[in-house]
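Protein chains: 2
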Amino acid sequence: MQNFELTILGCSSATPTSKRNPTAQLLNIAERFFLIDCGEATQIQLRRFKLKFQRINHIFISHLHGDHYFGLVGLLSSMHLLGRTVELHLYCPAELQEIIEIQLKHSQSHINFNIVYHPHQFINNDLIFEDERVEVRTIVLNHRIPCCGFIFKEKPLMANISKEVIHTYQLSVEQIIAIKTGADLIKENGDVIYNKDLITAVHQPRSYAYCSDTCYDERILEYIQGVDLLYHEATFLQEMEIRAKETFHTTAFQAGMIAQKAAVKQLMIGHYSARYKDLAPLLAEARSVFENTVLANEGESLIIKNYD
Amino acid sequence: MQNFELTILGCSSATPTSKRNPTAQLLNIAERFFLIDCGEATQIQLRRFKLKFQRINHIFISHLHGDHYFGLVGLLSSMHLLGRTVELHLYCPAELQEIIEIQLKHSQSHINFNIVYHPHQFINNDLIFEDERVEVRTIVLNHRIPCCGFIFKEKPLMANISKEVIHTYQLSVEQIIAIKTGADLIKENGDVIYNKDLITAVHQPRSYAYCSDTCYDERILEYIQGVDLLYHEATFLQEMEIRAKETFHTTAFQAGMIAQKAAVKQLMIGHYSARYKDLAPLLAEARSVFENTVLANEGESLIIKNYD
Numbered sequence: 022m023q024n025f026e027l028t029i030l031g032c033s034s035a036t037p038t039s040k041r042n043p044t045a046q047l048l049n050i051a052e053r054f055f056l057i058d059c060g061e062a063t064q065i066q067l068r069r070f071k072l073k074f075q076r077i078n079h080i081f082i083s084h085l086h087g088d089h090y091f092g093l094v095g096l097l098s099s100m101h102l103l104g105r106t107v108e109l110h111l112y113c114p115a116e117l118q119e120i121i122e123i124q125l126k127h128s129q130s131h132i133n134f135n136i137v138y139h140p141h142q143f144i145n146n147d148l149i150f151e152d153e154r155v156e157v158r159t160i161v162l163n164h165r166i167p168c169c170g171f172i173f174k175e176k177p178l179m180a181n182i183s184k185e186v187i188h189t190y191q192l193s194v195e196q197i198i199a200i201k202t203g204a205d206l207i208k209e210n211g212d213v214i215y216n217k218d219l220i221t222a223v224h225q226p227r228s229y230a231y232c233s234d235t236c237y238d239e240r241i242l243e244y245i246q247g248v249d250l251l252y253h254e255a256t257f258l259q260e261m262e263i264r265a266k267e268t269f270h271t272t273a274f275q276a277g278m279i280a281q282k283a284a285v286k287q288l289m290i291g292h293y294s295a296r297y298k299d300l301a302p303l304l305a306e307a308r309s310v311f312e313n314t315v316l317a318n319e320g321e322s323l324i325i326k327n328y329d
Numbered sequence: 022m023q024n025f026e027l028t029i030l031g032c033s034s035a036t037p038t039s040k041r042n043p044t045a046q047l048l049n050i051a052e053r054f055f056l057i058d059c060g061e062a063t064q065i066q067l068r069r070f071k072l073k074f075q076r077i078n079h080i081f082i083s084h085l086h087g088d089h090y091f092g093l094v095g096l097l098s099s100m101h102l103l104g105r106t107v108e109l110h111l112y113c114p115a116e117l118q119e120i121i122e123i124q125l126k127h128s129q130s131h132i133n134f135n136i137v138y139h140p141h142q143f144i145n146n147d148l149i150f151e152d153e154r155v156e157v158r159t160i161v162l163n164h165r166i167p168c169c170g171f172i173f174k175e176k177p178l179m180a181n182i183s184k185e186v187i188h189t190y191q192l193s194v195e196q197i198i199a200i201k202t203g204a205d206l207i208k209e210n211g212d213v214i215y216n217k218d219l220i221t222a223v224h225q226p227r228s229y230a231y232c233s234d235t236c237y238d239e240r241i242l243e244y245i246q247g248v249d250l251l252y253h254e255a256t257f258l259q260e261m262e263i264r265a266k267e268t269f270h271t272t273a274f275q276a277g278m279i280a281q282k283a284a285v286k287q288l289m290i291g292h293y294s295a296r297y298k299d300l301a302p303l304l305a306e307a308r309s310v311f312e313n314t315v316l317a318n319e320g321e322s323l324i325i326k327n328y329d
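Here the protein sequences line up with chains A and B, keeping their order.
FYI, the working numbering numbers position 256 of the first sequence as 277, with every residue one higher than the one before it.
FYI, the working numbering numbers position 154 of the second sequence as 175, with every residue one higher than the one before it.
If you're looking for bench data, these hints aren't it; they were derived computationally from the structure.
All figures in this text were calculated on a predicted structure; none of them were measured in a lab.
A portion of the hints provided could be inaccurate.
Identical chains share a label here; the pair holds if one copy fits it or two copies do between them.
With a straight-line cut-off of 25 Å between C-alpha atoms, the simulated SDA-like cross-links for lysine to any residue are [to be verified]: (1) 298 / 76; (2) 174 / 151; (3) 126 / 136; (4) 126 / 163; (5) 286 / 304; (6) 326 / 154; (7) 126 / 139; (8) 126 / 269; (9) 71 / 39; (10) 40 / 28; (11) 266 / 101; (12) 298 / 24; (13) 40 / 104; (14) 201 / 23; (15) 71 / 297; (16) 298 / 101.
Generate coordinates for the entire structure from the input sequences, incorporating the hints supplied.
Okay, here's the thing in structure tokens:
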């Protein structure tokens with residue numbers, strides 16, 4: 022099966038702590054490396070975990086609070102200084118372009134690769150990236166400033182036919198293509214071998230939804246329904262529900278509720294307030310509602326499984 | 022003696038490595054905490070080394086290459102989020118104000134403390150900070166974009182008179198003030214006690230010169246003459262002299278030459294190119310010219326001694 026692996030680079034909320042960095046994640050789908058948010062020191066985290074950052078060609082920034090993008094201009098500078106010439110795509114609020122360009126101007130710097138800006142429209146289900154393997158769409162989140170989540174989906178794979186089957190039935194190229202797209206095999210004597218007996222089982226396309234930052238908002242449910250992994254912020258414990266609402270954030274309990282109502286396969290929580298040194302209570306609270314929950318932990322990778 | 026202590030937070034040049042962060046230093050003179058440059062992740066380094074960043078009231082930025090200021094907006098944000106209300110002074114190129122304000126604007130953020138900008142004039146010996154204990158002046162450096170170094174100097178301390186001397190001669194307040202400012206004591210019987218026999222030895226004011234980034238330029242010598250500690254960048258080994266010149270940087274050999282010609286008491290080198298994993302050759306090269314050289318090492322503090 023192709024790679025579908027998420028690595029956490031930072032899982033802190035607004036202020037970093039001595040143990041946790043601000044938000045950033047690296048998602049590898051079939052060797053496409055997507056960087057999701059880019060808090061301060063993301064380039065240092067990438068080096069620390071030995072992840073080659075020149076392989077990143079697409080960066081998705083959810084919103085313009087600093088803990089989600091302050092590391093971007095440094096990463097772009099280092100990509101340039103280390104010789105990058107490959108085009109880079111930035112999916113972000115439109116204003117980020119001005120923030121980057123003003124810094125390049127005042128440092129009298131030129132970046133030796135093209136940056137293609139894809140400004141967010143802040144509409145649901147907007148297809149912002151697509152190639153033969155993956156598509157990425159937006160989810161509008163409910164935060165203090167305009168904010169987008171993202172859903173990364175594999176495209177359905179063509180069925181596979183084993184070498185043994187090809188050999189047994191002496192299949193021609195035309196027959197292989199026909200079977201891959203669903204046809205049965207009709208032998209010369211008229212016998213029919215059904216498609217399901219010719220192909221290797223094909224997994225359902227997997228999906229990952231990234232929701233940070235947002236208050237509890239059930240309007241996202243229809244867009245994240247049944248995803249294989251949901252990352253949802255859980256800045257506070259439920260005892261801080263009022264504070265969560267005031268700051269347009271979510272509690273661990275509420276993140277569990279969203280996961281349950283959307284019938285996702287697995288939940289990862291993160292974006293922890295600096296007040297929580299021990300994350301176990303956040304995990305326990307989310308699990309009290311939605312059992313298959315894990316904590317975002319820096320440096321850890323999670324392979325997104327297929328539950329079907 | 023009052024504190025005069027330098028702590029290195031980052032000593033890498035343009036690109037951070039997995040072991041070294043971009044430039045930042047914390048200087049404590051008599052409990053004034055001066056932050057000198059603020060590369061990416063400076064706030065994380067401050068936390069890592071358990072240095073309370075709310076005590077910093079004055080930040081000096083040498084120039085607008087990102088490895089010297091990309092950590093500033095994150096530090097300011099965290100100061101705000103953690104409740105700062107105390108005014109902060111920023112000594113920096115004028116354009117930095119626009120860079121900070123545009124980011125506050127687009128994040129719809131307000132910072133709850135006043136930032137007082139002191140834009141560099143880029144002239145030598147410009148007095149940019151002064152209080153009863155310390156003064157700070159600029160040195161114009163020779164870099165690809167306008168760049169300032171800084172000289173931090175203690176002010177001369179008034180002479181001290183021991184309790185025993187005050188008791189022995191039954192000194193009045195008027196006599197104490199006169200003696201502290203240099204007068205001899207004339208006793209009632211006409212005997213003269215010379216000033217030097219009344220006062221405790223007072224150390225000469227100490228000084229620290231910070232020079233980063235710059236190519237080899239002897240025009241700085243007159244301003245840094247005889248300082249107790251000179252920090253001078255040493256991005257490359259002498260075998261890279263041409264590259265150093267092209268990029269307006271200095272070699273370790275050249276940093277040693279500057280220290281020798283300025284007759285400084287001690288030299289610290291830093292701003293190492295990411296190509297050097299082992300720093301021993303840089304140290305050896307600088308020491309071949311100027312023996313009393315040390316390496317800038319992250320997390321290490323150096324107490325600036327009085328050599329007189």
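Hint check results:
1. 298 / 76: between (33 Å within a copy, 23 Å between copies)
2. 174 / 151: within (10 Å within a copy, 60 Å between copies)
3. 126 / 136: both (15 Å within a copy, 23 Å between copies)
4. 126 / 163: Only across copies: residue 126 and residue 163 sit 19 Å apart there, 33 Å inside one copy, limit 25 Å.
5. 286 / 304: Within. Shortest intra-copy distance 16 Å satisfies the 25 Å Cα cut-off; inter-copy 56 Å does not.
6. 326 / 154: Intra 17 Å, inter 63 Å, cutoff 25 Å: intra-copy only.
7. 126 / 139: Classified as both: same-chain Cα gap 21 Å, cross-chain 21 Å, threshold 25 Å.
8. 126 / 269: The answer is between: 19 Å across copies meets 25 Å, while 34 Å in one copy does not.
9. 71 / 39: Both ways: residue 71 and residue 39 sit 20 Å apart in one copy and 9 Å across, limit 25 Å.
10. 40 / 28: Answer is both: 17 Å inside a copy and 21 Å across each meet the 25 Å cutoff.
11. 266 / 101: between (41 Å within a copy, 20 Å between copies)
12. 298 / 24: neither (32 Å within a copy, 33 Å between copies)
13. 40 / 104: between (31 Å within a copy, 21 Å between copies)
14. 201 / 23: Within one copy only: 18 Å inside a chain, 80 Å across chains, cut-off 25 Å.
15. 71 / 297: Answer is between: at 18 Å across copies they meet the 25 Å cutoff, but 28 Å inside does not.
16. 298 / 101: For residue 298 and residue 101, the Cα distance is within 25 Å only across copies (21 Å; inside one copy 37 Å).
The earlier numbered hint that this structure contradicts is number 12, and it is the only one.
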